[in-house]
Structure formats: structure tokens, C-alpha cells
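Asks: Given two chains presented individually in distinct reference frames, assemble the corresponding complex, making use of the accompanying hints.
Chain residues, written in single-letter form:
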Amino acid sequence: MPTMKFPWQRIYGYGFAVLVSLMVLVVKYLLGLTFEAPYLLLFVAVVISALYGGLGPSLLATFLTAALVNIYFIFPTGELIVDRKVDIQLVTYIAQGLLVSLIVEWHRRSDRKNRLAEKQLSYLGAIVESAEEAIFSKDLNGIVTSWNKGAEHLYGFKAMEIVGKCIKVTVPEEKIAEWEAMMACLRRGQRTDTLETIRRKKNGDLINVSLTVSLIKNSQGKTLGISSIARNITRRVELEKRRDEFLGLASHELKTPITTIKAYNQALQNFPEVRNSQAALILKKAEGQIDRLTRLITELLNVSRIEEGKLELVPSKFDFDNLVRTTVEDIQVTTAQHKIVLSGRTGETLLADRERIQEVLVNLLTNAIKYSPYGKNVRVNLSAADHHVQVNIRDYGIGISQGDQKKVFEKYYRAQSNNNPYPGLGIGLYLARDIINRHGGKIGVKSRKGLGSNFYFSLPI
Amino acid sequence: MIKPKILIIDDDHSILEVLRFILEPEGYDVETTPDAKRLFARKDHFPNLILLDLSLLGESGGNICRKLKQNPKTKKIPVVLLSAHSPEHLKEEARSAKADAFLPKPFDIEILKAVVKKYYQPPVLPGS
Numbered sequence: 000m001p002t003m004k005f006p007w008q009r010i011y012g013y014g015f016a017v018l019v020s021l022m023v024l025v026v027k028y029l030l031g032l033t034f035e036a037p038y039l040l041l042f043v044a045v046v047i048s049a050l051y052g053g054l055g056p057s058l059l060a061t062f063l064t065a066a067l068v069n070i071y072f073i074f075p076t077g078e079l080i081v082d083r084k085v086d087i088q089l090v091t092y093i094a095q096g097l098l099v100s101l102i103v104e105w106h107r108r109s110d111r112k113n114r115l116a117e118k119q120l121s122y123l124g125a126i127v128e129s130a131e132e133a134i135f136s137k138d139l140n141g142i143v144t145s146w147n148k149g150a151e152h153l154y155g156f157k158a159m160e161i162v163g164k165c166i167k168v169t170v171p172e173e174k175i176a177e178w179e180a181m182m183a184c185l186r187r188g189q190r191t192d193t194l195e196t197i198r199r200k201k202n203g204d205l206i207n208v209s210l211t212v213s214l215i216k217n218s219q220g221k222t223l224g225i226s227s228i229a230r231n232i233t234r235r236v237e238l239e240k241r242r243d244e245f246l247g248l249a250s251h252e253l254k255t256p257i258t259t260i261k262a263y264n265q266a267l268q269n270f271p272e273v274r275n276s277q278a279a280l281i282l283k284k285a286e287g288q289i290d291r292l293t294r295l296i297t298e299l300l301n302v303s304r305i306e307e308g309k310l311e312l313v314p315s316k317f318d319f320d321n322l323v324r325t326t327v328e329d330i331q332v333t334t335a336q337h338k339i340v341l342s343g344r345t346g347e348t349l350l351a352d353r354e355r356i357q358e359v360l361v362n363l364l365t366n367a368i369k370y371s372p373y374g375k376n377v378r379v380n381l382s383a384a385d386h387h388v389q390v391n392i393r394d395y396g397i398g399i400s401q402g403d404q405k406k407v408f409e410k411y412y413r414a415q416s417n418n419n420p421y422p423g424l425g426i427g428l429y430l431a432r433d434i435i436n437r438h439g440g441k442i443g444v445k446s447r448k449g450l451g452s453n454f455y456f457s458l459p460i
Numbered sequence: 000m001i002k003p004k005i006l007i008i009d010d011d012h013s014i015l016e017v018l019r020f021i022l023e024p025e026g027y028d029v030e031t032t033p034d035a036k037r038l039f040a041r042k043d044h045f046p047n048l049i050l051l052d053l054s055l056l057g058e059s060g061g062n063i064c065r066k067l068k069q070n071p072k073t074k075k076i077p078v079v080l081l082s083a084h085s086p087e088h089l090k091e092e093a094r095s096a097k098a099d100a101f102l103p104k105p106f107d108i109e110i111l112k113a114v115v116k117k118y119y120q121p122p123v124l125p126g127s
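Chains A and B supply the protein sequences, listed in that same order.
Residue numbers are given in numbering that gives the first Met the number 0: position 433 of the first sequence equals residue 432, and the series is strictly consecutive.
Residue numbers are given in numbering that gives the first Met the number 0: position 40 of the second sequence equals residue 39, and the series is strictly consecutive.
Part of the chain B face toward chain A, derived, beta carbon under 8 Å:
id : residue
1  : I21
2  : S85
3  : K104
4  : D107
5  : I108
Residues of chain A placed beyond 10 Å of chain B at every Cβ, according to the derived structure:
id : residue
6  : Q88
7  : L97
8  : F156
9  : Q331
Hints listed in this document are in silico derivations from the structure and should not be mistaken for laboratory results.
By construction, the Cβ of each residue, glycine as well, lies at the ideal position given by its N, Cα and C atoms.
Just chain B, with the same shape it has in the complex (with noise of 0.2 Å):
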């Protein structure tokens, strides 16, 4: 069985880890990466959900949902926007970066699994 890919990113090393302790025992496939470059540079295998903090390093979370949203490719993929900067600056920009939910931090361990529940997209099985 292929389990559910979920992507991270958030340039904060310890949020990277404790989302994986807290995602992979319910089933998920984890992967998590500091920036986005890797993402953009993929041809497939894309994740079945990304979780995407607002402030990173480089490109700013919300530039990158937005560029993911426009491109054909990647715009199916639901993104969950996460950010420790105020609800409603977060509300903001995930409307205007066509998100599909948000969270802000710190968050609930069990609606951050709802969510998670919620948005992932089942994996396309090769031949169906």
C-alpha cells in the first residue's frame, strides 16, 4: 500500500520534527524540508499535502502557495497554511494565497490531525 505523502515545510527545525512524531504514527508518509526548492524542481511523485509555514527564509510561504496554485501541475494539491504570526494576518494571506485551510500556531495536536484528515488527497494507484 502507498501511504498518503504529506510534505512540510517550515524553516523551523524542531516544528519539522515534532509535526513528523505527531503525523507518522497515524499512517502518513513525512517528508519535510526547510524550503520549497526541492518541490520545484520535482516533475511528479508530488505530495499528496503540503503543510506550509508562512514565514520561511527564503520565499515567503504564502509567494509559494501562490506560484503552486498557478501552476496546472500543482494547483490540485491542497496546501494548509501554518504560521505563528497573528490569526488574522494568517486568515489574510491564506485567502489571498488561495490556501485551502490554515492553522495557526500554536495548535491543537487533535485538529491538526483533523485537518491533516480532511485535506489530504488519497494517493492515484499506478493502472486505476
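Bound conformation, chain A alone (with noise of 0.2 Å):
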């Protein structure tokens, strides 16, 4: 922090060049001296200024002493005259102050800057050691260099206990390839992202931490060594670990009443005195509600499943063509007003999580569904090229603004109409977005609001 310098401390500085300038007269008066110019004592007149004031007081003092020297010792005394000969001995005395004024004004500057690093240094040093997290330094081999207080607590061993020795006693058994492989990362001078991992206490506990490794470097660029902050997330990854486990118990626990109603229902369409009747019609479409509420909660369980990077895929060979054709006939069967017409082909044999890309078409069909209210028609077209198959899935529906069309696969998204959102979780073209991705695939969309929207996505051959 730069210190202040108010206004009076500057006239006091150069009130204080005056009075050690007047000590020529007191020198003259008092002691009596008539001859020789006090050029020592007014020498040390102008160090003083400069010293306590700095640049501007010790210049004043320089030439006002000079101006007292030339007009009270050099004859003819009493006034003063600036063309007389130069006098050898005032010009010197005026070099060396003009010196010194400037070198003790440097010595100055460079003290402040120094001061102010130092009080920096101090500052930063405060935060560190008053900070929560674990902060603490490496070198190159994982040689504990320096450790704080948040360390202390986090790690439960004291700085004296564990400077000098090798971090490596906090990582336990299962981490230490992990934790090597990010060691030989940093000493090839590569950054590496925040970690979330396990560590062991002093005591033997083990602890969730997030872990942020960098290098620390010299203005030159030269590696000095490596800083980490570390910091306590157990209990996060308790709650997750809980949260996982509620929606899992949540869902199970959903779905099982539902088998119990999917199956009944499919069983009295079965009976004879039911299937002719409109009574068949009727247990159809609430079938085809049961198996929504199927899908919701599945939605639900893979949207936590994503956030932790859980969503696995499991990959099978199988006929893409024949995937989109029966999932189109399952959805046309949902919507007596809309008719999908498919059109196209790939020929192709997919490697892909089957069910999961399902997933992807059922959520664009009933999305295209839903959002054309007064829409006859949705168009589903297959093609490939480049080594990817394609699909586009157009509707003549509500559209989406062009502003709306990056947000729409953002989690929690819904569709509004005249500021009502549209029925459902707002996680479908999120989960879809991830599917595709992951498949090394793209998803996206054009739409023109009122006119429609098409959406396509392609996945690699």
C-alpha cells in the first residue's frame, strides 16, 4: 500500500530546507565567522532536507545556501551578483548538493518501493497463514518447503513435523500412482487441473480434498518449486454421496409401484371382453402415460448421474436405421394429431450406447411433439456423410428466438408461453446434449420463432 503524503508534510519539508538555509546568517552573526564559507556545515544542512523531505526542500536548501554564500561570504558582500567571476568553490558545493539531493532522493524511492514490498510480503504472508485452506510449498521431489496453519489443521501434522520430509506421507496406498502421475506433470512444467481426491491425516483418517497443484516461478521463469492448496470437501462428498443415494432409493421406490400398474394395465388389454372395446383404447394411452413417468424418473436419476461425471455408456454394435424407425412407431403411437414421417437412411451399424441415444431420439420426438400444438406433421430425416450419421428431427411448431436457441441445452431450461413455462423438468435436451457429446457426436438446432425448429444431432460411423 503506497502511504499518503498530505500537503503540510511537504511544507514542512521545505519550511525546514528554509531554516537550516538561515543557519549561513546564524553562522555569520552569531558565530562571528566572516571569511571562510561554512560549505561542511551547509553540506550537511542539505543531506538533513533531503532526508526529511526529500528532492524538492533539499534543491531549495542547495540553492538558497549558495545564494546566502555568494551574498554574505563572497566579497563584495551584501548583495547579490551572478556574473562576478566564478567563484571554484561555490559551483562545487552546488554539484555535490545537486548529487546528493539526487542520490538520497533514489535511496529514497528504492526504500519505499522496499518498504512497500516488504509490507506486501507481510500482507500475503498474513493471508496464508490465516487462511483456512491448506497452503503449503513443494520442490520438485514432493519435499515439504513450507506449510501453514489451514495445513496443520487439514493434515494434522505440525509445519516442524512435516518440513523437509516428503509429502507423500498424506497420500495413501491407492492415490500414490495418481499422485505420481501429476508429480511427473509438473516436473515436465505442465500445469494440471484441481484434483478432487483422498489423503490421510497424521492420525490415520482419510479425507476428501480438493487439490490445486501449481508451479511457482521466479520473474525469470525459472522453476522454484511447487505450491499446493488443498482444502477439506468430505463433508460435500458426504452430502453427494447421500444425495445419490436418496434419488436412487427415490426412484427404485417409484418405479416399483409402476410395474405393478404397467403391468396390470397390459394384462387387462389382453382380456377378451377388452380388446375390441374402446375400453383398449383408453388402457393404451394411459399406458403410454405410465411409461412417461417411467421416463421422468429415469431423467432424474441420470441428471445427478452427470453432475458426478457417473453417466456410463455401454456400448453395443446395432442398426442404427432399425433404432430410429422403431422409436418413431413408438412415439407416433403417443399423438393421434401429428404424423412422423420418416425419410432417408444410413445403412449403418452404430457403435453406441443403444439405450442412451434411444433416450436422445424419444426426447427430441416428444419435444418436436409438444411444442407444435397446432403442428400436423413432424419430419424425421436420415442421411450420412464424412464418416457420421445424421439425423434432423423438424417440427412446425412454436420455434424458438435466436436468443432462447443456446439456453435451450442448459439444465433447468424450460419454454415459455406468455411467461408460463411448458410442462416438464427442463433437463431433456440437457441429458441429450451430454449422450451426444460423449458419443463424440453434435447436437444443435435452427429455429425461427413461430416457423419451427429443427434438430439435429450426428454421431461418428
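Replies: This is the structure:
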């Protein structure tokens, strides 16, 4: 922090310079020295002015004392004569005064800079020391070189116990390989991402930590060591685990009655007296809703898995055109108003997670129906090019404005109608994007408000 | 004629009921139980097929299946694992427990019937 200099401090400096300059008169009239100018004493006055007031006051003192010497000591005394024969002593004195002023000023400045740097260092030191995070440094072999209070608290090792020893003592067995890979990465001068991992405390307890590790370099770019910042995330990991267990349990509990309802519903449809009556149609519609409920539960569970990167893909080989055709047939049953028209073919066999890809198709098709309440057709087109298969799903519904086109793939985004959101959880397209991206494919939309939308995705063959 | 016997183990009573409702008209002799205790107490009269839910109150379906498959007397009985957990989890469990098939809940009853038909072993008639 630069120190503030108030105007009156400056004025004091100049006043002081004037005062010490007036010593010339003191010397002449009180001490009675008349012939020899007291250059040495005056020089001291200039130095004191410089030290006390800085460059301005010391220059003032230099010139003021020179003028007074000129008037009172150099013959003829009593007047300031500028163009008299140059007094070599006076000129030397002025030169020395200027020099000392500059030197003192330069020294003051570098001193101020150093003090500032020192102050900053001590602030930073205090921040590091009082931080809740564990902050420590180590060399490229992992030998600890500094260790803050947060680290003492997090790992249970006192600074004096661990400085000089290898940080590996905090790495549990199963994470040694990961730690060594990270160190190798750092030794090559590469950056590493923040890592969520497990460490062992002095007392043997395992903790979940979020670890940010970076190289410490000096101003010349030479690596001095490695800095680590660790945060205890054990609580968060526990909560996430509990949330997952809850979601898993909730989905299990919800699916169990759905299983019974679906089975009874289907059994009823097979009753001879129901089979060809209007009741069969009603039961079929009810079954569509049961399936919808099942999909919603699956989606909910998937969102929590995506967030943790646990959504697993189970790839298998399958006929892509066949998957699209059967999915279109399944969805066609759910709408009387829309005709889903399938065109084109890819003729390709894909190695992908068939069920997840089907989820994406179901999602895009049900969206096309949902967002074209007055539309009659949904067009599905298949094509293959450049080692990719592509599906276009075109509806003639409400469309999406340019601004909203980016948002539709975000989690919890829901389309609005007169400021009321359409029904749904707002996660279908978010899931779809994740599934397609993880297959190395692309998903997107072209649309104009009021003119319908064309959602498409491509997958590598 | 001896009806092929299907043992269904599930701790949810409504599931036991509906499975019986669906499978009995197909001509199967259905026995239902919420746990596997009685199954392991048995010396003979083993079922021809077991439909086993993965998450039971006591011992898990996965473990029961493992035991059945390790026991020379019961290892030939086909086991179909059922579960309302995620299909991936069910698939994994079915593989590690060496189940013959798995069926995620909720299922289509036509698929259920097809699976049952495929896996039940016809009863061995006395004297044959």
C-alpha cells in the first residue's frame, strides 16, 4: 500500500530547508565567522533537508544556501551578483548539493519500494497463515518447504514435523500412482487441473480434498517449487453420496408401483372382452402415461449421474436406421394429431449406447410434438456423410428465438408460453447434449420463432 | 401333468401378486415368497425357474443368486434377476452373480412372458 503524503508534510519539508539554510546567517552573525564559507556545515544542512523533506526541499536548501553564501561570504558581500567571476568552491558546492539530493532521493524511493514490498509480503504471509485452506509448498521431489496453519489443521501434521519431509506421507496407498503422475506432469512444466482426491491425516483418517497445484516460478521463469492449496471437501462428498443414495432409492421406490400398474394395465388390455372395445384404447393411453412417468424418473436419476460424471455408456453394435424406425413407431402411438414422417436412410451399424441414443431420439420426438400444438407433421430425416450419421427432426411448431437457441441445452431451461413454462423438468435436452457429446457427436438446433424448429444430431460411424 | 413351477422372490407384495396374476393364466405353477429362507431349507422339489428381485429386505438378490449358482444341487436352476434400480446396475449384478437373464422394472408383460418361456426348464418326470 503506497503511503499517503499530505500537503502540509511537504510544506514542513520546505520550511525545514529554509530554516537550515538560514544557518548561514547564524554562522556569520552569531559565531562571527566572516571569511571562510562553512561549506561542510551547509552540506550537512542539505543532506538533512534531503533526508527529511526529499528532493524539492534539498534542492531549495542547496540553492538558498548557495545564494546566501554568495551574498554574505563572497566579496563584495551584501549583494547577490550573478555574473561575477565564477567562484570555484561555490560551483563545487552546488554540484555536490545536487548530487547528494539526487542520491538521497533515489535511495528514499527504492527504500519506499522495498518497504512496500515488505509490507505486501507480510500481508500475503498473514493471509496464507490465517487462511482456512491448507497452503503449502514443496520442491519438485515433493519435499515440503513451507506449511501453513490450515495445512496443520487439515493434515494434522505440525509444520516442524513435516517441513523437510516428503508430502507422500499424506497420500494413501491407492492414490500413490495418481500422485506420482501429477508430480511427473509438474516436472515436465505442465499445468494440472484441480483434483478431487483422497488424503490421509496424521492420525490415519482419510479425507476428501480438492487440490489445486501449480508451479512457483521467479520473474525469470525459473521453477522454484510447487505450491499446493487443499480444501477439505469430505462433507460435500458425503452429502453428494447421500443425495445419490436418496435419488437411487426414490427412483427404485417410484418404479416399483409403476411396474405393478403397467403390468395390470397390459394384462387388462389382453382380456377378450376388452381387446376390441374402447376400453383397450383408454388403457393404451394410460400406458403411454405410465411410460412417460418412467422416463421422467430415469431422467431425474441421470441428471445426478451427469453431474458426477457417472453416467456410464454401455456401447453395443446396432442397426441405426432400425432404432430410429422403431422409436418413431413408439412415439407415433402417443399422438393422434401428428404424423411422424420418416425419410432417408444411413444403412449404418453403430457402436454406441443404444438405450441412451434412443433416449435422445425419444426426447427430440416428444419435444417436436409438445412444441407444435397446432402442427400436423413432424419430419425425421436420416443421412450419412463424412463418417457420420445424422438425424434431423423438423417440427412446425412455436420455434425458438435466436437468443433462446443457446439456452435450450442448459439444465433446467424451460420454454415459455405467455410467461408460463411448458410442462417438464427442463433436463431432456441437457441430457441429450451430454449423451451425444460423450459419443463424440454433435447436437444442435436451427429455428425461427413461430416457424418451427429443426433439431439435429450426428454420431461418428 | 406336472405344471412347471416358478418361484418368485420379491419383498414387494404387489409385485408378487401381479406376477402371479400374469403367469398363472399362462399355465405355470407359481410360488411366491418375500425372502429366500425357505428355498435354502429345501432338499428337493426345486423350482424350474426363479424370478429374483435384486433388493430384498434381508440378503440381497445378487448374493442369493451367487449361492444358488455355487450349490451343485441348485446351480442348474435358471435365475432371472429383476430390479427397479438402474438397468446398468442390474446388468452388472446379473453378470457378477452369474444370473441367466435380467429384466429391469418396469417391464413389458409380453417380454416377461417371453423370458419366462425361454428360461424355465421343463420338469423332470418321475421314472423318465
